[in-house]
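Asker: One-letter residues, chain by chain:
There are 2 protein chains.
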Amino acid sequence: MFTLNYGDRRPLYAQITEKFRELILTGAMREGDKFPSVRELAASLAINPNTIQKAYKELENAGFLLSIPAKGSFVAPVKRVPDPAKIQELLQKLRSLARELKFAGAEREAVLAEIENIYKEENKA
Amino acid sequence: MFTLNYGDRRPLYAQITEKFRELILTGAMREGDKFPSVRELAASLAINPNTIQKAYKELENAGFLLSIPAKGSFVAPVKRVPDPAKIQELLQKLRSLARELKFAGAEREAVLAEIENIYKEENKA
DNA sequence: CATACTGTACTAAGTGTTATAGTACAGATA
DNA sequence: TATCTGTACTATAACACTTAGTACAGTATG
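Protein chains in written order, with this note's numbering: chain A, 1 to 125; chain C, 1 to 125.
It is possible that some hints are incorrect.
Note that identical chains are pooled: a pair holds if it fits in a single copy or bridges any two copies.
To be verified - The calculated DMTMM-like cross-link candidates involving lysine to aspartate or glutamate, where the alpha carbons are at most 25 Å apart (straight line), are:
| no. | residue 1 | residue 2 |
| --- | --- | --- |
| 1 | Lys93 | Glu60 |
| 2 | Lys79 | Glu31 |
| 3 | Lys19 | Glu89 |
| 4 | Lys34 | Glu100 |
| 5 | Lys86 | Glu40 |
| 6 | Lys34 | Glu114 |
| 7 | Lys120 | Glu31 |
| 8 | Lys120 | Asp33 |
Derived from the structure by calculation, the hints contain no laboratory data.
Using the sequences provided together with the hints, build the complete structure.
Answerer: Written as structure tokens, this is what we have:
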């Protein structure tokens with residue numbers, strides 16, 4: 001499904017959390033889709049099942065995953081209500097990132113184009 | 001100068017690194033400005049000097065800080081060469097962040113406006 | 001019913017990171 | 001001379017991360 005980067009200094013469970021969030025945000029995984037089972041993914045990545053469980057628990061807390069004991073883990077129903085607090089938090093990160101881009105010499109138009117592209121994206125099946 | 005957030009799960013030295021990077025990126029600190037001394041900042045934040053030293057070493061590796069033994073630590077000269085690899089890395093983060101914003105319900109125009117504002121900013125003294 | 005799968009919940013151990021405490025040295029400054 | 005600066009160590013405690021192993025209840029399939 002994906003690979004882990006052991007050179008990355010972030011913990012394994014955080015890498016796994018991020019990968020799945022990307023899959024959901026890009027539309028590669030949609031509401032109701034089944035996650036690999038804890039043991040199956042652990043075997044596939046050659047790591048401990050507990051680490052997968054920790055990643056899944058994080059995803060569940062973040063509202064991306066819904067666990068049903070004895071059945072499996074699934075992509076949670078999307079809440080269609082804008083979350084102002086979350087948006088403000090993300091905009092703060094955006095400002096910080098934009099300043100770094102400006103500092104690194106990125107063109108204003110290039111940065112704007114990236115945003116446009118994301119908002120043009122169809123959430124592909 | 002600033003405060004630490006002990007609720008944050010990131011290490012103290014990383015928080016300190018980030019604060020100074022913000023100060024430099026926003027122009028609040030400029031080339032040649034003096035950082036507080038290791039011991040002074042440690043006393044001010046009520047933490048160990050070693051932790052400050054670790055933060056300063058990170059800033060130095062990142063090119064933001066220049067240490068002169070027995071004199072002090074200063075904001076490093078800015079390199080005016082665009083760094084394509086760094087820009088690509090940041091753009092990748094930008095895309096991820098933009099998808100999260102879209103997912104959270106942020107308006108396209110609001111996101112674009114933030115970028116515009118950053119690029120309009122004069123680097124204030 | 002039996003078997004194999006699912007998520008979940010523990011304990012125990014090893015490892016690495018983080019942070020503190022303390023000491024020390026050489027160079028600059030006043 | 002006294003005090004400041006960055007730097008470099010050692011030692012220790014606390015915590016996070018990861019692995020290993022075991023166990024339980026519920027579901028699906030034969």
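Asker: Please go over all the hints and tell whether each is borne out by the structure.
Answerer: Going down the list of hints, with the structure as the test:
For a Cα distance limit of 25 Å, the shortest separation of Lys93 from Glu60 qualifies both inside one copy, at 23 Å, and across copies, at 23 Å. Proximity of Lys79 to Glu31 under the C-alpha cut-off of 25 Å is restricted to the intra-copy arrangement: shortest distance 10 Å within a copy versus 46 Å between copies. Proximity of Lys19 and Glu89 under a CA criterion of 25 Å is satisfied in both settings, with 21 Å inside one chain copy and 17 Å between copies. For the homomeric pair Lys34 and Glu100, the shortest alpha-carbon distance between copies (21 Å) is at most 25 Å, but the shortest distance inside one copy (37 Å) is not.
For a Cα distance limit of 25 Å, the shortest separation of Lys86 from Glu40 qualifies neither inside one copy, at 33 Å, nor across copies, at 36 Å. Taking identical chains as interchangeable, the C-alpha atoms of Lys34 and Glu114 are never at most 25 Å apart, the minima being 30 Å within one chain and 36 Å between chains. Only within a single protomer do Lys120 and Glu31 lie at most 25 Å apart by alpha-carbon distance; the minimum there is 21 Å, versus 40 Å between protomers. With identical chains, the CA atoms of Lys120 and Asp33 are at most 25 Å apart within one copy only, with a shortest distance of 24 Å there and 43 Å across copies.
Against the hints set out earlier in the document, violations occur for numbers 5 and 6.
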